[in-house]
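Participant: Place chain Y on chain V using the hints.
Chains as they are written, first to last, in UniProt numbering: chain V, 1 to 508; chain Y, 1 to 508.
Since the hints were derived computationally from the structure, they do not count as laboratory data.
Among these hints, one or two may not hold up.
No copy labels: a pair is met if it fits in one copy or bridges any two.
[Said to hold, decoys possible] With a straight-line cut-off of 25 angstroms between C-alpha atoms, the simulated SDA-like cross-links for lysine to any residue are:
1. LYS284 x THR44
2. LYS16 x VAL117
3. LYS156 x TYR474
4. LYS16 x ARG114
5. LYS16 x ILE57
6. LYS217 x ARG256
Protein chains: 2
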Amino acid sequence: MPTPTDPRQAYLELVKELREIAVIGSIASVLSWDEQTYMPPGATDHRANQASLMARISHERFTSPRLGELIAAVEQSPLVADPQGDIAANIRETRRDYDRSTKLPASLVEEMSRVEVLSQQAWSDARKKSDYAEFRPWLDKVLHLKRQECQCVGFKDDPYDALLDQYEPGETATSVRATFEALRGPLVDLVGKIVGSGRVAPLEILQRNYPAAAQEKFAREAARAVGFNFNEGRLDTSVHPFCTHLGPGDVRMTTRYDEAYFADAFFGVLHETGHALYNQGLPKDQYGLPRGDDVSLGIHESQSRMWENLVGRSRAFWKHFMPQARAAFPQALAGVTEDAWYFAINDVRPSLIRTESDETTYNLHVLLRFELERALLRNDLSTNDLPGAWNERMEKYLGIEPPDDARGCLQDIHWSGGAIGYFPTYTLGNLYAAQFFEQARKDVGDLEGQFARGDFAPLLGWLREKIHSQGMKYTPRQLVMRITGQDLAPTALLAHLRRKAGELYGVS
Amino acid sequence: MPTPTDPRQAYLELVKELREIAVIGSIASVLSWDEQTYMPPGATDHRANQASLMARISHERFTSPRLGELIAAVEQSPLVADPQGDIAANIRETRRDYDRSTKLPASLVEEMSRVEVLSQQAWSDARKKSDYAEFRPWLDKVLHLKRQECQCVGFKDDPYDALLDQYEPGETATSVRATFEALRGPLVDLVGKIVGSGRVAPLEILQRNYPAAAQEKFAREAARAVGFNFNEGRLDTSVHPFCTHLGPGDVRMTTRYDEAYFADAFFGVLHETGHALYNQGLPKDQYGLPRGDDVSLGIHESQSRMWENLVGRSRAFWKHFMPQARAAFPQALAGVTEDAWYFAINDVRPSLIRTESDETTYNLHVLLRFELERALLRNDLSTNDLPGAWNERMEKYLGIEPPDDARGCLQDIHWSGGAIGYFPTYTLGNLYAAQFFEQARKDVGDLEGQFARGDFAPLLGWLREKIHSQGMKYTPRQLVMRITGQDLAPTALLAHLRRKAGELYGVS
Numbered sequence: 001m002p003t004p005t006d007p008r009q010a011y012l013e014l015v016k017e018l019r020e021i022a023v024i025g026s027i028a029s030v031l032s033w034d035e036q037t038y039m040p041p042g043a044t045d046h047r048a049n050q051a052s053l054m055a056r057i058s059h060e061r062f063t064s065p066r067l068g069e070l071i072a073a074v075e076q077s078p079l080v081a082d083p084q085g086d087i088a089a090n091i092r093e094t095r096r097d098y099d100r101s102t103k104l105p106a107s108l109v110e111e112m113s114r115v116e117v118l119s120q121q122a123w124s125d126a127r128k129k130s131d132y133a134e135f136r137p138w139l140d141k142v143l144h145l146k147r148q149e150c151q152c153v154g155f156k157d158d159p160y161d162a163l164l165d166q167y168e169p170g171e172t173a174t175s176v177r178a179t180f181e182a183l184r185g186p187l188v189d190l191v192g193k194i195v196g197s198g199r200v201a202p203l204e205i206l207q208r209n210y211p212a213a214a215q216e217k218f219a220r221e222a223a224r225a226v227g228f229n230f231n232e233g234r235l236d237t238s239v240h241p242f243c244t245h246l247g248p249g250d251v252r253m254t255t256r257y258d259e260a261y262f263a264d265a266f267f268g269v270l271h272e273t274g275h276a277l278y279n280q281g282l283p284k285d286q287y288g289l290p291r292g293d294d295v296s297l298g299i300h301e302s303q304s305r306m307w308e309n310l311v312g313r314s315r316a317f318w319k320h321f322m323p324q325a326r327a328a329f330p331q332a333l334a335g336v337t338e339d340a341w342y343f344a345i346n347d348v349r350p351s352l353i354r355t356e357s358d359e360t361t362y363n364l365h366v367l368l369r370f371e372l373e374r375a376l377l378r379n380d381l382s383t384n385d386l387p388g389a390w391n392e393r394m395e396k397y398l399g400i401e402p403p404d405d406a407r408g409c410l411q412d413i414h415w416s417g418g419a420i421g422y423f424p425t426y427t428l429g430n431l432y433a434a435q436f437f438e439q440a441r442k443d444v445g446d447l448e449g450q451f452a453r454g455d456f457a458p459l460l461g462w463l464r465e466k467i468h469s470q471g472m473k474y475t476p477r478q479l480v481m482r483i484t485g486q487d488l489a490p491t492a493l494l495a496h497l498r499r500k501a502g503e504l505y506g507v508s
Numbered sequence: 001m002p003t004p005t006d007p008r009q010a011y012l013e014l015v016k017e018l019r020e021i022a023v024i025g026s027i028a029s030v031l032s033w034d035e036q037t038y039m040p041p042g043a044t045d046h047r048a049n050q051a052s053l054m055a056r057i058s059h060e061r062f063t064s065p066r067l068g069e070l071i072a073a074v075e076q077s078p079l080v081a082d083p084q085g086d087i088a089a090n091i092r093e094t095r096r097d098y099d100r101s102t103k104l105p106a107s108l109v110e111e112m113s114r115v116e117v118l119s120q121q122a123w124s125d126a127r128k129k130s131d132y133a134e135f136r137p138w139l140d141k142v143l144h145l146k147r148q149e150c151q152c153v154g155f156k157d158d159p160y161d162a163l164l165d166q167y168e169p170g171e172t173a174t175s176v177r178a179t180f181e182a183l184r185g186p187l188v189d190l191v192g193k194i195v196g197s198g199r200v201a202p203l204e205i206l207q208r209n210y211p212a213a214a215q216e217k218f219a220r221e222a223a224r225a226v227g228f229n230f231n232e233g234r235l236d237t238s239v240h241p242f243c244t245h246l247g248p249g250d251v252r253m254t255t256r257y258d259e260a261y262f263a264d265a266f267f268g269v270l271h272e273t274g275h276a277l278y279n280q281g282l283p284k285d286q287y288g289l290p291r292g293d294d295v296s297l298g299i300h301e302s303q304s305r306m307w308e309n310l311v312g313r314s315r316a317f318w319k320h321f322m323p324q325a326r327a328a329f330p331q332a333l334a335g336v337t338e339d340a341w342y343f344a345i346n347d348v349r350p351s352l353i354r355t356e357s358d359e360t361t362y363n364l365h366v367l368l369r370f371e372l373e374r375a376l377l378r379n380d381l382s383t384n385d386l387p388g389a390w391n392e393r394m395e396k397y398l399g400i401e402p403p404d405d406a407r408g409c410l411q412d413i414h415w416s417g418g419a420i421g422y423f424p425t426y427t428l429g430n431l432y433a434a435q436f437f438e439q440a441r442k443d444v445g446d447l448e449g450q451f452a453r454g455d456f457a458p459l460l461g462w463l464r465e466k467i468h469s470q471g472m473k474y475t476p477r478q479l480v481m482r483i484t485g486q487d488l489a490p491t492a493l494l495a496h497l498r499r500k501a502g503e504l505y506g507v508s
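One chain only, chain V, in its complex shape (with noise of 0.2 angstroms):
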């Protein structure tokens, strides 16, 4: 079949062809989502196959040479000439996703899987057993792959902007390091603060017993509340917690729960629902297509964080959920004041562990990741000296060191999945958070008094309006200066950080 040689027919044949590619992506994420919540053990062998033959399809039909063509038929013609049009958004980022995967060989694909499957099992067994020996040979591996991916994908400075581009577009290892660089001392200087004031906050309150089936009850209660749609989706219990869009209405989470400490699951669903709220906003019409998805993991982390922290942790949020939280948990929570609730949920101390580290020193832990895993790549760093730089940096960030590599740099599955340029993602969504809530609330007005009467459509419509709808019309950074007039900075998380401290510790 000829390409069509009106740009009209080839931009229909390249929207039909997207949407079932993206059909066969959406039946591939409910294999995965049913692995992770309701598959039995004997089936992971025969899941395996499932999956890879979905991935097979997908990718076969992406790279298509046709693919390639439609693409080109379209970009050279007046379709595309408004930058700000929907066709515009579609092709460019049609554009970004085919040139990536067509510039990687499918040997190094396959290869990449496999050794990233194994690589995931030696990572996990040496974490077990804290022997990060162990793992050296597979990490140098997988550096090793992702090193042939930077010069097949091509970069200009840096070869991690091969890596980073795919999970933030724009973003280069030169923009994120000036970014972290402005973030990282006044954190620093703020946590010593924090850790000097001799306040600590009542964390025990949290590690009382809270029964699972109330807390689910409870954490269904507030996820509705703030606005996900359960016609539309899912809360499940899963082993690591996540949120996945397997479509036009469909949009699950999951959640663990944990008895004997209240924050871990209660706060993993409001940030699920996050993720959730945006998947759940994406313009339905658009599916398939670049329009109608997210524009990337640090803006759709966002969304998570500002509904966990910014939303979750407020007093204006508690000053609503108090009640149903003393009748959800009336023994935990007996003679507990609203003062020190509200302490516990935002205490900040230096601690080990990433996933569970609080709103404030959470960034140290991904600024140090992002430093060493971009020293890794370029060779700048051998792994043989990981994990003296890993607990060097966090007596130095955080003032603390790690007692063991399980505890240190073997405690993320990231790097050995190969996931190389993901974390910072996780601070820019802090960062942006930080900055759309900011104009949210002087968009938007009184947001604490609206939260405190439980009433979150407000702040919901707002980011459904600015955010969510706009599927990828505009980059991250072109999102954020729309919304807010202006760039990305720390400014607003600093703001917001320091605002809290001096509530809670009288530092700032």
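Facilitator: Just chain Y now, with coordinates in the frame of chain V:
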């Protein structure tokens, strides 16, 4: 790519392709399982897109000319010299499927699936209102398309054969009719005697309060005890109970719990467990090939009915399970003797709804449907006259007349969904089950003694060896002949039903 001239090459390529097509089919089954268990309501439209894409990809690959060439290359070769060999079975059954699939024009397949969706909707609405006139035009449409299907597929004597053959390979309208005619008279006679006996089972026992959680626990215990492997399967809840084979190591069944009726869920689970045990016993190394697939719907049903009725409603079974039942339902079973319980779960009485009917009258419901659907397809009966013909036969076979069409000819979903030729497999399943069970008793020895000790492994082992592990090596009739030395016949089922009638109703 030219077809390999070496038949072994051709066979290897065929096997690879069939296995991938099976994986695609198994993915479609995951989608369907999820749809019926956990999918949020809002996902319905997208799920339809996912399912139809998988169906299309699978159909395109299975009907490709290349596949036909590969089959032909093998079937003209010495590889199939041994008609009892695995390759012969794989080629024989793939040829059957391939011919059927390629004979149906895509336009007809699409029109059928479109009409079936609408027709099922119309049926569902019509049944609610018991308004047959509203459904009749849709039944006409379905019959019209089914007649076209028969013409495309081809048949010798009776168009009905073209439909029946896909569910029960080798059976024809004539052969089924002969079997059913031999069954009908004795069954009608037996039911008449039971009704005339004046004895009535203490059904009320089953209608006490049976808490759903206790039902689920007890049903799980029973499923596990008879051999269901929960490491390679699940039991969930759905509106319509079913069992689905999602691939090696993944067999899932569902049920629903009625707290005011014990028998529905419990015997439903035993029924689905029978299907599941068959699936779990298929040879995993032959997955995706006929040699690793089930023989027919009739043989599948023989497994479910055996565990539900021949095992699950036996005295010996309850000798073992009664203490567990008493522990699970202490209130409902207080003062209930084993005899009363045994009578209650073996109640026989004419009733209106097939799915709620007992082991004996069930077959008369099926016979009636077979006779009517065959007459409808051949235009021997007009859809105008269906309700009258239905009610007349209900009166003749069971001595009762439906008060409305909802409880008459509108009760089953099958015809609205185009499943004409499917009903006979239910009774064929009962016949095969009785024949197999009679033989198992001869081969394995004291089955009842084993059941009473809670030992179901000998029977399951026998089924595994004789039936499950054989895949589609033999046709249904060949299989029963090999196992029992006899052809399909109503003798064993009638003997079983008469034995119970003698024991409980004093008639035979």
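Participant: Evaluate each hint against the coordinates.
Facilitator: How the hints compare with the structure:
no.	hint	verdict
1	LYS284 x THR44	between (33 angstroms within a copy, 14 angstroms between copies)
2	LYS16 x VAL117	between (33 angstroms within a copy, 24 angstroms between copies)
3	LYS156 x TYR474	within (23 angstroms within a copy, 65 angstroms between copies)
4	LYS16 x ARG114	between (32 angstroms within a copy, 21 angstroms between copies)
5	LYS16 x ILE57	both (16 angstroms within a copy, 15 angstroms between copies)
6	LYS217 x ARG256	both (13 angstroms within a copy, 23 angstroms between copies)
Checked against the numbered hints given earlier, the structure satisfies every one of them.
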